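Residue numbers (this note's numbering), protein chains in the order written: chain A, 1 to 310; chain B, 1001 to 1310; chain C, 2001 to 2283; chain D, 3001 to 3283.
Certain hints may be false.
[As the list claims (entries may be wrong)] Some chain B residues near chain A, calculated using beta-carbon distances under 8 Å:
no. : residue
1   : Thr1070
2   : Ala1071
3   : Gln1149
4   : Thr1178
5   : Asp1179
6   : Met1204
7   : Val1218
8   : Leu1222
9   : Ala1226
10  : Leu1232
11  : Lys1309
[Stated by the list, open to error] Computed cross-link-like contacts, BS3-like style, restricted to lysine-lysine with a CA-CA straight-line distance of at most 30 Å:
no. : chain 1 : residue 1 : chain 2 : residue 2
12  : A       : Lys309    : D       : Lys3230
13  : A       : Lys96     : C       : Lys2270
14  : B       : Lys1189   : B       : Lys1309
15  : B       : Lys1294   : C       : Lys2144
16  : D       : Lys3087   : C       : Lys2077
17  : A       : Lys309    : D       : Lys3077
18  : D       : Lys3077   : C       : Lys2007
19  : D       : Lys3087   : C       : Lys2014
20  : C       : Lys2260   : B       : Lys1309
21  : C       : Lys2087   : D       : Lys3077
22  : C       : Lys2022   : D       : Lys3077
23  : A       : Lys309    : D       : Lys3260
24  : D       : Lys3073   : C       : Lys2087
25  : B       : Lys1309   : C       : Lys2077
26  : C       : Lys2077   : C       : Lys2270
27  : C       : Lys2260   : C       : Lys2270
28  : D       : Lys3022   : C       : Lys2087
29  : C       : Lys2014   : D       : Lys3077
30  : A       : Lys309    : D       : Lys3144
31  : C       : Lys2007   : D       : Lys3087
32  : C       : Lys2022   : D       : Lys3087
33  : D       : Lys3134   : D       : Lys3230
34  : B       : Lys1243   : B       : Lys1162
35  : B       : Lys1294   : D       : Lys3007
36  : C       : Lys2073   : D       : Lys3087
37  : A       : Lys162    : A       : Lys189
38  : D       : Lys3007   : C       : Lys2073
39  : C       : Lys2087   : D       : Lys3087
40  : D       : Lys3007   : C       : Lys2077
FYI, nobody ran anything at the bench for these hints, they're computed from the structure. Remember, it's a predicted structure, so these values are computed and weren't measured experimentally. Cβ atoms here follow ideal geometry from the backbone N, Cα and C, with glycine treated the same way.
Listed below, chain by chain, are the residues.
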Amino acid sequence: MKKINTERALEINIGGLKLANPVMTASGTFGYTQECGELIDAAGLGAIVTKSITLEPSQGNPPPRLWETTAGLLNAIGIQNEGLDDFINTKLPFLKSVGARVVVSIAGRCQQDYKMLARALNNTTVDAIEVNISCPNIKHKSASLLFAQDPDSTSYIIRSVKKQTNKPVIAKLSPNVTDIGLIARAAEKAGADALSMINTLIGMDVDIARARPRLGNVTGGLSGPAIKPIALAMIWQAYHCVKIPIIGIGGIMSTEDAVAFFLCGASAVQIGTANFVDPAAAGNIIRGLRLYLKNRNMKNIKELIGQLKL
Amino acid sequence: MKKINTERALEINIGGLKLANPVMTASGTFGYTQECGELIDAAGLGAIVTKSITLEPSQGNPPPRLWETTAGLLNAIGIQNEGLDDFINTKLPFLKSVGARVVVSIAGRCQQDYKMLARALNNTTVDAIEVNISCPNIKHKSASLLFAQDPDSTSYIIRSVKKQTNKPVIAKLSPNVTDIGLIARAAEKAGADALSMINTLIGMDVDIARARPRLGNVTGGLSGPAIKPIALAMIWQAYHCVKIPIIGIGGIMSTEDAVAFFLCGASAVQIGTANFVDPAAAGNIIRGLRLYLKNRNMKNIKELIGQLKL
Amino acid sequence: MQKLQTKAEILINKEIAPGYFKMALRIEGFAGNVRPGQFLHIRAGMGYDPLLRRPISVHRISGRQGIVELLYKVNGKGTQLMSRRSKGTFLDVVGPLGNGFKVPKGQSNFVLIAGGMGVAPLVALADQLATYRKKAITVIIGAKGAGSVVCVKEFQEIGAKAIIVTEDGSRGDRGLVTAMLEKVIRDFDIRKTSLRTRSYSLADVTIGDYAPEVGLYACGPMSMLASVAKIAKPYKIKTQGSFEERMGCGVGACFGCAIKTQRGYERVCKEGPVFDLADIVWD
Amino acid sequence: MQKLQTKAEILINKEIAPGYFKMALRIEGFAGNVRPGQFLHIRAGMGYDPLLRRPISVHRISGRQGIVELLYKVNGKGTQLMSRRSKGTFLDVVGPLGNGFKVPKGQSNFVLIAGGMGVAPLVALADQLATYRKKAITVIIGAKGAGSVVCVKEFQEIGAKAIIVTEDGSRGDRGLVTAMLEKVIRDFDIRKTSLRTRSYSLADVTIGDYAPEVGLYACGPMSMLASVAKIAKPYKIKTQGSFEERMGCGVGACFGCAIKTQRGYERVCKEGPVFDLADIVWD
Ligand SMILES: Cc1cc2nc3c(=O)[nH]c(=O)nc-3n(C[C@H](O)[C@H](O)[C@H](O)COP(=O)(O)OP(=O)(O)OC[C@H]3O[C@@H](n4cnc5c(N)ncnc54)[C@H](O)[C@@H]3O)c2cc1C
Ligand SMILES: Cc1cc2nc3c(=O)[nH]c(=O)nc-3n(C[C@H](O)[C@H](O)[C@H](O)COP(=O)(O)OP(=O)(O)OC[C@H]3O[C@@H](n4cnc5c(N)ncnc54)[C@H](O)[C@@H]3O)c2cc1C
Ligand SMILES: Cc1cc2nc3c(=O)[nH]c(=O)nc-3n(C[C@H](O)[C@H](O)[C@H](O)COP(=O)(O)O)c2cc1C
Ligand SMILES: Cc1cc2nc3c(=O)[nH]c(=O)nc-3n(C[C@H](O)[C@H](O)[C@H](O)COP(=O)(O)O)c2cc1C
Ligand code: FES
Ligand code: FES
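Same shape as in the complex, but just chain A:
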């Protein structure tokens, strides 16, 4: 048996974002660490992806904002956040002070928003920028579609962000598309350094006693174990369409789930809803992956990526 350097077995480079391990917390599910920090060791994570921030503070959608479905969670938070300035002045320093690697998620209503966010963040200590063009809970100016539902809009936004920053840029894609390959390629061509997918699927539920939607915003985004098979299929497809690395997201609850994502082509994973179910999930997955590689005598997690046998 070869001796394996298990310390470095999980190291990965996601389009320039070098991480000690490939497990991040997904945007919107971990706050800005102040909240989960006591339960989760932020410094031990590959990185934390912040709740999406907007230029100005945003109050979010009217409650109810959450609804549990069978093995899933509908949310319509509407990106409640205190805006760019507060992020740079308060949240980011705190995140850095606890030793976290920080991927900042940015969201906007128009290209200008993304551009200004990217420009302002370029001079900060954030480690990468995830461009949320796929949030089902915010309306955009003019268009009825999400940016990530249209290859041209995807390209336009990503190109604008890339021009403003030399940080790694990750395009976060929506599963609510006819052809994920088309969007993935558009993002790659526009210069995205990586893709992260999937954001939530548009969904809704009904309170039949009152004949009303369960969410204040009527529809919301579906996450959790329910969507895992959909996420895996999308990642598998996108993996064959682009060369840039893919960060797999969608219903990952366990090490086994994470391994499935790597085999389907993910170079890293993000843990979302699982943080709510079990705050220890992300940490357990990091430990689990280390053990998995060791037991199989693998040198690096890279050996798993896309290795699904047909």
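Following the hints, put chains B, C and D with the ligands in place on chain A, whose structure we already have.
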């Protein structure tokens, strides 16, 4: 209290298909009644929708064909069936002999297939034709997309079918689209008498011990409670785009679920995976709906359709 | 105040009234730090249906013994699973979460008003109040019917005066807790915060600045809390209420449990679950 | 042969070896019609995780008393839930499903070969065979180790000769059931279907048409069934095997449980689960 004719409270007309009640079994989940007939009273159902049939017998996909996911089911049957002639000569007479109303589901690889199927079925006793243009488990000639993922193909197929038959034609739509409204309108414009939605979502899962897909066909279609919120949102959206009735499908397990679909705009429902979990499901839902209307002093199920309050 | 995720041993889990369960947990990590009004976030089962944790208030706290008691009503899948957990097994809990009741200095005359399951956290509060030197505690317990009146003995043992109101009149007075509250307040007013609240004469009272010795603490459905706020407002009684909202993370990370306050949307799990009723924007 | 969905009362549900459970069900509807090799489709829990029913073979049948016994191994979520169901509660079952073993006229020398949980349906078959006037039953029971050898006593009580083989040699012979099968068959061959199978000499034997009195019945993992088919083929012994495949409906409606046969894809739940091994296309 007004006296309500509960006998007729569930009667509904779906684009010319008049049914005693709006609860059908979904294609592929009920066989051709011989199988489930002993467990389910086929004559008591609104109608049964047959497993999709193809022109020629089709052997289907290599096993494994099923995989259970969290609150969902992946299938990649690949439309194993004995073809049109056998359907007309054997299956249909049997179905009719047990008193079932029959919606025949047809599937093909090209427009010609659908055309010939529709023509041949027009002179039979089937009550309606559901056009399956959305099966994720069959490959089409030339195209990489499903017919139902493209408004032009949808229109082309539906138009061809309509030309061949004066039976009600139901277009079965796929949820794997960017804009369901676009496809729904295309089907309506092409002459579809009703829509049925949703078919399964493309999904996959991985056997990590062997680094292989769980399904022989690699990807399959996801059904069951996991997809219910997605189906509701799609139906709600389509309901505002078309005037033709919508048959709601996707994870319906209970009367409560069915009511939610009606409130979101469905005029009828189909029960799929629930038949596997509980063969009594469809019957229970019919009884449940009757009681629901009675308790609310409603004359007809139509009073529920699209009545979600915002 | 450090939040912890821990496996708590179930010491007791028994049905105390039809559909109502009392559960005692040995929580090594943090029982000593729990305060009335805070809650635990509980993983009811093992699979993913139900998926999320369930928030349950602390009902009684024996910090020294490391024991926390819960009182819960079987509602849906989650609480059903909880009710089936057997003694000696371990429950995955996160806590203590949220901000508890704040008892300002100078209050000595406490009115606790509970609608339905609202009694659960108020017992913990009453336990705390009972340790005060100068105090008078009145509890108004409202329920649908006699079958869902719980905790009367607990309050009485603490030395609180318990007034029972049921909607069907099957126990105590017939009516709503809020009507009773109005009577109790007026009674207080006349008697200048006297502790006896036996007679609820409909004597005309002047609404005015209320004695700062009085503290009103409410827990129950949203509609009840709204009524309580309305009733208390003219008297300017300081009133805190414990709120419920669907929760995701339970720790302030997801902004899922938003409630509208004068300061904007706040998080029931983080800034709450106890809010000053005057701060809430009702709609 | 009518399929029924019914609530079956759980009379017994006990662990007979680590991870192995025996469950007795009172099935009013159809216990009398159940045949060895058929299975029940069982709703293990209440929620939707796990979602589908679980197929479990009938292990013993007391038609007159309306009782069917199952023998199952705790595997994943479904069987785990089954194992937690308590006596006196009711289990939602659909059955009897599939085609059982067919014992052709003229067979009197029966060899049953079980790998792992494969013993479960073979006990029902042995029970049936034991009622025949002229018979000799040999059972080869294979398992990983002594801990997973079950049902030996059952077979012996029926009067069957039980040969135990474990992979680690911790009980009976060390090795694989298939190697033992080969020995048993050769032994038969030499002795012209004599019933004594004590000695397994490696005497050279001629492979040829086999006596029609011999019937071979197998149940176990796919790889074992494939080996059994290979071993039996040259001797032309009629061999039936019970197969497993993931199931949806369990009643032949969904074509989910396909297995490749000489006739094309067939359904394990409908045409099976018992197939003639000669009909299967192995890959
Ligand atoms: C801070 C707080 C403290 C609480 N304390 C208690 C208590 O001490 N005793 C008690 O019996 N109940 C208490 N509740 C209510 C309790 O959380 C719900 O009864 C429980 O979550 C219902 O879960 P279920 O699976 O049984 O019901 P379901 O209706 O199946 O739950 C479906 C979803 O809705 C959520 N939900 C349902 N009802 C409520 C509710 N009233 N508030 C918040 N979320 C809800 C569930 O958590 C779940 O996500 C408290 C709620 C909050 C927010
Ligand atoms: C006809 C038939 C008869 C059977 N008889 C017995 C028996 O008598 N005793 C016994 O212990 N087991 C028997 N099995 C196997 C039993 O069905 C599985 O062990 C059980 O379904 C596992 O469910 P789980 O939730 O515990 O495991 P999981 O692995 O969590 O199940 C996941 C999914 O895979 C399916 N699955 C897993 N293993 C099998 C398998 N071997 N065959 C078919 N589906 C599987 C499950 O049904 C479920 O849909 C039989 C299988 C079949 C097809
Ligand atoms: C409560 C909640 C809030 C979310 N907020 C955001 C967000 O602000 N920005 C974003 O890009 N994704 C957001 N997401 C999506 C997640 O980052 C993730 O893509 C999705 O939940 C799927 O992963 P999961 O199934 O592991 O949760 C949110 C998800 C949830 C559940
Ligand atoms: C095993 C299986 C086979 C199916 N076969 C077909 C089919 O042949 N034609 C079709 O249009 N839909 C088919 N479907 C899709 C269902 O008709 C239905 O649209 C889908 O399962 C969603 O509904 P459900 O969640 O209630 O199952 C199949 C579904 C399953 C589970
Ligand atoms: S539940 Fe997540 S912020 Fe309150
Ligand atoms: S399980 Fe459906 S056909 Fe066999």
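Is it true that the CA of lysine 2087(C) sits at most 30 Å from the CA of lysine 3077(D)? holds (22 Å)
Is lysine 2073(C) within 30 Å of lysine 3087(D), Cα to Cα? Measuring from Cα to Cα gives roughly 26 Å; hence the hint holds.
Just to be careful, I want the Cα atoms of lysine 2007(C) and lysine 3087(D) compared with a cutoff of 30 Å; is the pair within it? holds (29 Å)
Is lysine 1294(B) close enough to lysine 2144(C), meaning Cα to Cα at most 30 Å? holds (26 Å)
Quick check on the hint: lysine 1309(B) CB to chain A CB, less than 8 Å? holds (5 Å)
For the pair supplied as a hint, lysine 1243(B) and lysine 1162(B), confirm whether the alpha-carbon distance does not exceed 30 Å. holds (18 Å)
Below or equal to 30 Å on CA atoms is what counts here, so check lysine 2260(C) against lysine 1309(B). Holds, because 22 Å separates the two Cα atoms, which is no more than 30 Å.
For the pair supplied as a hint, lysine 309(A) and lysine 3077(D), confirm whether the alpha-carbon distance does not exceed 30 Å. holds (27 Å)
Let's test the interface hint: is any C-beta of chain A closer than 8 Å to that of valine 1218(B)? Holds, because the Cβ-Cβ distance from valine 1218(B) to chain A comes to roughly 6 Å (cut-off 8 Å).
When the least beta-carbon distance from leucine 1222(B) to chain A is tested against 8 Å, hint result: holds (5 Å)
Lysine 2022(C) and lysine 3087(D): Cα distance at most 30 Å? holds (25 Å)
Given the hinted pair lysine 2077(C) and lysine 2270(C), is their alpha-carbon gap at most 30 Å? With a Cα-Cα distance of about 25 Å, the restraint between lysine 2077(C) and lysine 2270(C) holds, given a limit of 30 Å.
In the structure shown, no violation is registered for any of the earlier numbered hints.
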